[in-house]
Amino acid sequence: MKKIVTDERVQQEENQVFAWVGKTMNILLPLSFLIKSLVLKWSFDTYVFELFAMLVVSVYLFYGYWRKGLDMERGTSWQAYLYLGGVIAGTTIVMAWTNYQTYGQHYSGIWDWHFWVVILIFLVSVTCLCLLLLNILSWANKYRQKQVEKELEEEME
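Just so you know, we're using numbering that gives the first Met the number 0 here: the sequence shown kicks off at 0 and counts up by one.
If you're looking for bench data, these hints aren't it; they were derived computationally from the structure. Among the hints, a few may not be true.
[As the list claims (entries may be wrong)] Lysine-lysine pairs mimicking DSSO-like chemistry, simulated, CA-CA at most 27 angstroms apart:
1. K145 - K35
2. K145 - K67
3. K22 - K35
4. K149 - K22
5. K149 - K67
6. K67 - K22
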């Protein structure tokens, strides 16, 4: 039986296609979750799959990078900070909207200081949670990079 040999360029192109699909899914799954939960007001049962899929994709990406010893922090840092800022701002805006729709009758209006204190507390909480998660991932990445360096040094000897 003949083994089909594929060119490295073909493999790179396939990897780019799969990376594009993965990035698209990371955008569409949260968008679907937000639309179903906030706009359409569907029950949790209808979008539990999106939450589960987002969790599985995130864990798989992290494990894949970590297992292969790839540097997760490579590339331009401004893109990561822009993405993180978008997640924090988007989550805060969505939660503010939900909070005002749920408890709006208790506020004297949109400029009620109680409402803005709640938003500020939520903003600080989400920011701290995101930065904590980012630091944990960064630590795991650096730990794995040191392991890869040790393995390479042992191979060189």
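Indices of hints not satisfied (ascending): 1 and 4
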